[in-house]
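Participant: One letter stands for each residue in the lines below.
Number of protein chains: 2
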Amino acid sequence: MEMEEVLGEVLQRIRPSEEERAFVKGLMEELRSIAREKIEELGLDVRPYFVGSLAKDTYLAGDHDVDLFLAFPLETPLEELREKGLELGKAIAERLDSYEVAYAEHPYVRARYRGVSVDLVPCYDVRGWRDVKTAVDRSILHTRWVNENLKGRNDEVRLLKRFLKGINAYGSEIYVRGFSGYLAEILVIKYGSFLRVVERADFMLRQKIIDPANWLRREPEIALRTVKRETGEDRPLIVIDPVDPRRNVSANLSWERYGVFYFKAMEFAERPSVEFFFPKGKPQGSYLDELRKRGTALVTLLIDAPDIVDDILLPQLERSARGFERALEREGFRVLGWDVGRKDKAFIMLELDREKRERVRIKPGPEFFTERGRNFYRKNEKVWVVGKRLYSEKRVKEGVVEVIGELLEKNQVALGRGIRDAIMSGDVLLNYVPKELEEEAYLFMSREKWNLKA
Amino acid sequence: MEMEEVLGEVLQRIRPSEEERAFVKGLMEELRSIAREKIEELGLDVRPYFVGSLAKDTYLAGDHDVDLFLAFPLETPLEELREKGLELGKAIAERLDSYEVAYAEHPYVRARYRGVSVDLVPCYDVRGWRDVKTAVDRSILHTRWVNENLKGRNDEVRLLKRFLKGINAYGSEIYVRGFSGYLAEILVIKYGSFLRVVERADFMLRQKIIDPANWLRREPEIALRTVKRETGEDRPLIVIDPVDPRRNVSANLSWERYGVFYFKAMEFAERPSVEFFFPKGKPQGSYLDELRKRGTALVTLLIDAPDIVDDILLPQLERSARGFERALEREGFRVLGWDVGRKDKAFIMLELDREKRERVRIKPGPEFFTERGRNFYRKNEKVWVVGKRLYSEKRVKEGVVEVIGELLEKNQVALGRGIRDAIMSGDVLLNYVPKELEEEAYLFMSREKWNLKA
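Protein chains in written order, with my numbering: chain A, 1 to 454; chain B, 1 to 454.
Okay, chain A solo, but in the shape it has when bound (with noise of 0.2 Å):
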């Protein structure tokens, strides 16, 4: 298919259609004005905001989430605006089909009306990025920045955003660490196109910083310590947010999710087709198949996960399924890879190289005309010299199961701080796991979860 086509099939499903734009208008007109009227009767100073794809029409077809911020002046107190904002919310929540309070930074209102997901949120009515307090009151910034600038390429920004969700690289939520929309819409207006952006994937990683509001000329003492400190994070791309000089629009990209984008972009420039927009299914298989195959071991840490946000939670797992890996590696088993996650509970699963190791360890010692030496040779029942060193050797354990419950006991594992008691009580499972993560143990050991030519 040429890529005018592609792109022109692609445009018909994710374009939203007029009947949907006039859904959209109507909603947030009404929505508006009940919020008007709430704040009047609550005698509040706030300004209600539409933020997010919505505001900014850069929203795909069918995904029509409202985000309602609601501005409090720059004078309010923190605690006042926390309270107020909620009391504000609730209120306007009530007339609404029915709602819940969640928890970021400060709580807000999640509420549903005419099938739609409305969150109203409070924040600062914010000028300029000097007066950000909460890190939700760029928003309304953003929100502003993108109207000023996108100039009608509302669709590139839906293509690019549809292409990221096809190659499961869209969103900056730490279990993807992808695009975020904002960072999409900045590239588009940065480079003019959806196509223009493909094409730049690899200029971008060379080129590395991109600064559309030219902070660097503007503040550069500012802009330039943000460049600073993301290089020295080793980011794959430093954008400097054009409401912001302190931030870099693409801090949770990962280099993986760059990677990803790298060779589908190229890949999609080279052969374009719709797949990469709207992929055929995940690949399916059984894991112990897999097991078989490969003549691996998997072994599943099983925890009840403590309740805490998945951008806490996620990043605790890494950490310890790295302590496995280095733990075990120690103890003679090779990691072939992990992977991380939550479903009914948290998990950690680890591809080995066998299910047990050897029942014998060489200790190497020290030298043989030392001190040390002379104490090895003591302290240790079959002793021999190979060079200038004394060896012995030791039984150990040789199940993966008894090595991981002798390591955890004598705490020789690095986990993560806030689900270490979790880890401890967790169950250890070995080439079998519940029926809920069945799906998860065949694509990370098929490696079908990261593989990139799937």
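Among the clues, some could well be false.
Chain copies aren't distinguished; within one or between two, either way the pair holds.
Below are the DSSO-like pairs computed for lysine-lysine, each with C-alpha atoms no more than 27 Å apart in a straight line [said to hold, decoys possible]:
id, residue 1, residue 2
1, K397, K133
2, K356, K435
3, K453, K379
4, K363, K453
5, K388, K208
6, K165, K345
7, K410, K382
8, K449, K379
9, K343, K165
Read the hints as simulated data drawn from the structure, not as lab findings.
Once you have looked at the hints, place chain B on chain A.
Facilitator: Only chain B this time, still in chain A's reference frame:
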């Protein structure tokens, strides 16, 4: 048992009886007159010398092999010495019970007479080290130096030799790499007695250089060159030969053998016992039991070794064993230890952590955003990114015997040059050795072969 008692009991067993002395004396006189007779008959200008422990009266009871050296004038061309020397040796041997021709640097005659082995070795009649032309020439000088300096401490030498035999550190042959008889004599001369030598096991190693004939003062340049060279070779001891400043008497002494001496000397000084001199038999057991207990795998290469002397064969086998160790570690096996030797055939034994590895190997690739990265991506079927790097995996053979076959086929094992072909066409046995290697396999697997605390 007290030290004195122990030494007394040992001396009773190793000091030749008056009867044996008389027999040895008669034998030497008889041999000398036969030699003189034959020298005259053949019209040669040759002097017969007795060398070795018989000539120095440092032989152990029952161990009285004869070394009769036939010394030709220095002017004799080497070719003539070889020819006439062999002729003379044969002529003498004709009068003895039986003989065969043996080969070292040059051919010599090995005869039997009255139950004793008699070596008839042609050499040059050297007066000092500057005359030395062949490896055996120094023996006459050694014998003379020991006889001039031993001053009645012959039994002390006997004790030291028997001690070294008992702990398996006697002999400078390649498969022992221990203390030669001459080295034992020098040490007794230097330190005064068997016990003083034993007490100095640690001291000697620290002093490193022993120079009984004061060569470092008499011939500083040459002696220093020797010290430098041997330091470079990292020898445990440098004993400058009293009769030749160019030579380290203990050049063949390995760190391993010195280690054995080091600990056994320490133990003997603490708790003297006759057992050090006359140890009980080797520990016995089954290598198959060891295999089961240790949970490891034994790979044995059986090699039809070419007809070369141990001095050359053994280092080649060791080099090859190290080659297999490195190659197998690269392939994912762990080598816990190895052992080489020659029984009927030459052999290399390797103890491995397992007989089957996993069937899949993770292949780390280059950074993804490079030319090499893009090639890696194209070439491999399954590719994923971790950090900045690409990874892939490949299927591999799992059985160690197949892996060794493949490694040899692809020429990926660094083998000793002289035995490359023999190894290539040898047999690879897994967890099984032929009858004649069963004891060796047990001693190796159990580490009793080297265990200092056996």
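Participant: Determine for every hint whether it applies to the structure shown.
Facilitator: Comparing the hints with the structure gives:
no., hint, in the structure
1, K397 x K133, "neither (55 Å within a copy, 60 Å between copies)"
2, K356 x K435, "within (25 Å within a copy, 30 Å between copies)"
3, K453 x K379, "between (55 Å within a copy, 11 Å between copies)"
4, K363 x K453, "between (44 Å within a copy, 16 Å between copies)"
5, K388 x K208, "between (52 Å within a copy, 14 Å between copies)"
6, K165 x K345, "within (26 Å within a copy, 66 Å between copies)"
7, K410 x K382, "within (25 Å within a copy, 38 Å between copies)"
8, K449 x K379, "between (49 Å within a copy, 19 Å between copies)"
9, K343 x K165, "within (21 Å within a copy, 69 Å between copies)"
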